[in-house]
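Chains as they are written, first to last, in the numbering used here: chain A, 1 to 271; chain B, 1 to 310.
No false leads were mixed into what you were given.
Footprint (simulated), chain B over chain A, 3 or more residues, beta carbon under 8 Å:
1. 62–74
2. 145–151
3. 165–172
Derived, one-sided and incomplete: chain B residues facing chain A with beta-carbon distance under 8 Å:
4. R135
5. G271
6. I274
7. V278
8. T301
Rather than coming from a laboratory, the hints here were simulated on the basis of the structure. For every residue, glycine included, the Cβ atom is placed at its ideal position computed from N, Cα and C.
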Amino acid sequence: MKRLMLALSLTLSAAALAPGHVRAGATDTDEERAARWSEIKTSIFGDRAVTASESAVKIDAPARALDAALVPIGLTLADKDNVKGLSFIIDDNPSPYAAHFTFGPAADPGEIKLRVRVNNYTNVHAVVETKDGKLLEAAKFVKASGGCSAPMGMSDEEAMKGMGEMRLKFGGEVQPGKPAEATLMVRHPNFSGMQMNQVTRDYTPARYIEKLDVTYGDALVFHLDGDISIASNPVIHFGFKPEGKGPIKVVASDNQGGRWEQSFPVPSASN
Amino acid sequence: MNGSVTRRGALLGGLCLCCLPRAGFSAESLSMDEVAPGVFVRRGPDAEATPENVDGIANIGFIVGRDGVLVTESGGSLTDGQWLRAEIAKRTDKPIRYVLLTHVHPDHVFGAAAFRGDNPIFVGHAALRGALDARGEFYRKRLAEILGEARAGEVVYPTLEVKDGAEIDLGGRTLRLTAHGSAHTTCDLSMLDTGSGLLFPADLLFVGRIPSLDGSLLGWFKEIERLQGMGAARAVPGHGPTSVAFAPAIADLTRYLSALRDETRKAVASGVPIETAVQTVALAEKDKWALFDTYNGRNVTQAYQELEWE
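Here chain A stands alone, though its shape is the one from the complex (with noise of 0.2 Å):
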């Protein structure tokens, strides 16, 4: 993770003076963007074997998104119970790895949605590490262009109101033995740091949800690690194992230092 990030940072830098150099494009051949997986895969998972897998998750996005800035994008994995983690990686993203789930005790990782920014025509891959070491991926090619650096309909200042603000919404009434499901609603520009304001004449600094832990009483639900090609506002769609005690409580963290805690009842028939 620490080269990831020391990759991701350097890549922002690159895109933050000269926008026009971001490689790729609609154009890429097959052979260009497996050249281009093979590259980010060795970075993210280091030489661990990484195995193709349509059945172990699959990957629900639009062919060709309405709203580059906010594609909505489901991940459902079959075999729910021998799950650890989940990574989101967007080829031709300026910072390619979106987002990396870590499960825990209390999660019900059957399905999981958010909503990403995509600034080029590319392949969207999600790699599931097993509990027992395993990773298997599946890919898909969305048509997008722009979602990372388009500027958002209002001032920075006007994106920040209300920062950190949190709802939680559930699927229904907690029962136990029935899979709950839950969607996490968090107030943040999320800026991509390839944002243009032109009175300042610079971009608006990269300023994203970094860290995000849900737990469930005492019981870690899921552990998110960010970047900036999760769209501003993260929604996160989740499943949570009922039979917690406690209220659900969320904790998020920006880079640059802004945390916000919050904690939610559970609406459960047993309470």
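Given chain A, put chain B in place with the hints provided.
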């Protein structure tokens, strides 16, 4: 694509290009309608920006007063603005005193550079400057990718910023400007020609072409009420015919926006996710608007983001 349509049209011989709503841009294919005495408007085609139409897709035009000319919309590119300027010169030699920049979208502001030499007052909403700061260069680059640098134009800032309202006297012709709250965008400016009672709501009113939401859905309803309070019988919409009866046109817009609001709210409340909502909301409106498939899903995305925090 459009180019081939145009060529085919030309080959058919004698076929009037202005009858093809999606025909390419060429001076011959465009005309100005005199929608009221001294008020000229060109209809923009219901299309996206292409090299052929040079982003001349909005309704642009001008008003001639005793003392000078006011440009109601400047055009979607330098080339489009230059075309408009030539049309003005054909009809009057009065000086161009004012150019309205009705909001931040490229099809409404990139013609402005064509009028720089006339040294007019560029009039915009007080929030337009900030919006151009954030997006102007981004839009210019995207436009230059389609049209080429030379034809795209440049970002022109307002020199008269309207905070609430303002009046312009063209000489025996008073024009009342209103700066609106967040609606279609965050910087919408409308104008009422007090003499003729003709309203220029710019993109607060779309007719025939699907509205695009880029400000606030709930805010748009408030601004529709304000427009209705101005008592205009006819209006020049930002897109659509050059002049329409105001009441039925605003009723159509309200019907679409209501479907968007009510069905998106329902989706949020019942846990329908955004990726499903974009495919299901407001579908009854599909056959009623041009470019529905291009914009409706985007509008739902915007509406969902706004309404999920209610």
